[in-house]
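Colleague: If you're matching them up, the sequences are chains D and W in order.
Counting in this note's numbering, the first sequence runs without a single skipped number right up to 656 at its last residue.
Counting in this note's numbering, the second sequence runs without a single skipped number right up to 656 at its last residue.
A portion of the hints provided could be inaccurate.
Same chains, same names: a pair is fine if it fits in one copy or spans any two.
[To be verified] Calculated lysine to any residue pairs in the SDA-like style (CA-CA distance at most 25 Å, straight line):
id	residue 1	residue 2
1	LYS278	ILE570
2	LYS239	ARG372
3	LYS239	VAL274
4	LYS456	VAL274
Since the hints were derived computationally from the structure, they do not count as laboratory data.
Being a predicted model, the structure only gives us computed values, none of them experimental.
There are 2 protein chains.
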Amino acid sequence: MSNRRTINIGLCGLGTVGQGVWKHFGRLRAELEARLGARIVIRRVAVRSLSKARAVKVPRAKLTTDALALATDPGIDIVCELMGGTEAARAVTLRALRLGKVVVSANKALICAHGAEIFAAARRHGGHFLFEASVAGGIPLIKAIREGLVANRFARIYGILNGTCNYILTQMEDLDAPYASVLEEAKRLGYAEAQESLDVEGWDTAHKASILAWLAHGVWVRPEQMIVEGIERITPADFKNAASLGYGIKLLGIITRDFETDEISVRVHPTLLPEGSVLARVSGVFNAISVSGDVVGTTVYIGRGAGQDATASAVISDITDAVALLLHGKGAHFMGEELPPASRGARMAPPERIRGRYYVRLTVADRPGVLARVATIMARNRMSIASVIQNPSERPGSASLVLTTHESDERSVRAALRSLCALGSVREEPLLLRIGDLED
Amino acid sequence: MSNRRTINIGLCGLGTVGQGVWKHFGRLRAELEARLGARIVIRRVAVRSLSKARAVKVPRAKLTTDALALATDPGIDIVCELMGGTEAARAVTLRALRLGKVVVSANKALICAHGAEIFAAARRHGGHFLFEASVAGGIPLIKAIREGLVANRFARIYGILNGTCNYILTQMEDLDAPYASVLEEAKRLGYAEAQESLDVEGWDTAHKASILAWLAHGVWVRPEQMIVEGIERITPADFKNAASLGYGIKLLGIITRDFETDEISVRVHPTLLPEGSVLARVSGVFNAISVSGDVVGTTVYIGRGAGQDATASAVISDITDAVALLLHGKGAHFMGEELPPASRGARMAPPERIRGRYYVRLTVADRPGVLARVATIMARNRMSIASVIQNPSERPGSASLVLTTHESDERSVRAALRSLCALGSVREEPLLLRIGDLED
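Next comes chain D alone, as it looks inside the complex (with noise of 0.2 Å):
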């Protein structure tokens, strides 16, 4: 078997997920080279510091702090781009594209800011880019957008794709716990990172939704154009309040599109989901995405959406794909990348336009009259509320108010919002959650 070929891979960064590939490439490696009829080499390892002590044991030999080095070499056929952050790793993956090498990247964050360029400088210079890492982790997704449902136009994709957030809200509604003391909960076990932000705000969440909009409907959404909303604002009682009308909260990813406009739309809100239906189910570190086709009706895909193991498991596949791509030729997997879904005219709606139902969530004076105000201000918004929760604020003197409407629309939501701030009686910036009316 001496004189089988070698393919060369170059792992440029060895954090967390990192440190995964390492170690499960190294466990599977004798079977997959057995698999694919090749020796598959981790040649080079791009580091930080070469100094810093990890759990996983790489050679001395192999190590750079040169990660640019690393994707011009010639001898490495693969890149893996395991380094997070925009600026060095938009550098790796160009410079190795324009070689036409292959790119196996987890970096969502990369692809949403620069993935036009991306697949064009892959396209132009005969490279190839594999992102299933990028979304919903181990869940194998973009394979199944992409090939599995190849058949397919997508009237909707939606789903929970951030596992610190959906941990954060499952524990909030089981443990009946502010978010602040489970945020520091879940930082204090790796549940979320110390600068939890980019996830609880909802960017994790819309750079992922970017990606799924693209694969799906060939456009580039940028997350400046969506409705982006994020989880802090959510209180217990806002649980209590959506199980007594029959719903769980979820932070979710939407993408929409209609067929007769050919107008899309990407969002990303913490949303009101029927308690009967399966992602309401879905708790804790777990992602689920929903996928309705034209032809093959809604499917739906559940399993981790990050972490160590479930990540290496995505990025060991799009090796295994990228090694049978250099061995064999391009196969099914890569028509994507050549073609990519021709957006056929479709635009961004604007996102005022989006309809919906709505509850709101109102801190207001105790005293007669306000519900009367509140009321009002909805009716000249033609909001229709549909029900009234009225509860004890835990302000002193406040009574919190729950609305919920009929369908209407951002543009009324958001003028009634204002109007309400605007009450002298409105203690607090209202609570905004979306009814998603999203099953089949």
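Dock chain W against chain D, hints included.
Modeller: Relative to chain D, chain W alone:
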């Protein structure tokens, strides 16, 4: 574009699935051709009757009654075998593979009966056999297991693999209706075949479990080697008993592997699933499969398992992979078929050694001492009783006695059932259900 290569497809079978493929392929053809860079033509269609009226209009010149001629036609590159049955389908499949063609199949019974021969023929003669539509219809499950989760070994794969049974069970539970009347209604609505036995006795699920066992472990397990039990003897009372214990009832195919002993077990039986579990919530004609990998953890896939459109979606995905293969080379998709997952000494565990907890429903004479006799028999067989529910039976003078047990094994429970049957006070064959301790 006139010098583009043309890929020719032969469609064998124009029943429900064949018509779905014709319809959707026609609609998608221009887009698929643009993305794949080739002309793709359904060149001939083999049918049993040339004169039969069909919902789709296939030009008469394309029709033939000779499926085998279509398999040997040198002008045809891809043979879609959608005839069903195992005799003619086997002949067509083997003939096409031996000529190095690609065969796309939705025929789980064929694969289960002749998979070893089919894959051997493909390997020997350079043909390829794709079968995404054979298990879980529209869900790209085979691609997920074979490619997306390539880094994993699978300790457990289980799921709802037959939509007809799941529809019947869901209706029985929701409407508190007996099996026979729900089955009749399901036939009227087209959710069950006129000849329902393949579905309700568990054999269709067993075919699919056999394919999944091969994908995951490289071993062909025939239904005769499995425990296969159906849903015909379940009553509305069983749903109530299960609910009172916190369970729903689903017909599951279950494939497990113990990596210490390297024994696998494959079985099909109605199973009590905890009400809060995701699979317990999957209702109607949907399929749902839980796949536990040693790296990725548990992933779950849900979607329509059968029907014209969902199956056509999977067949067209395979056709796309086949076209890409013929144009661009093998790619990763075909890794699995060249070197099927090494069985590494895996062997079937003797079914009688399978361990689990049990639900036993007895119809007994309603007189003193019966419970004592039943309990004595259970104890003699080292079955430890966990709970007892006694209710009046529909039979006059009888009582329904439901026992659940702590963990035991198939040998013990079968021996206990034999002894119970021999008791004069036991008036019907006992109903045995398994309790699924399948969650992570």
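Colleague: Tell me the numbers of any earlier hints that the structure contravenes, in ascending order.
Modeller: The structure breaks hints 1, 4; every other hint is satisfied.
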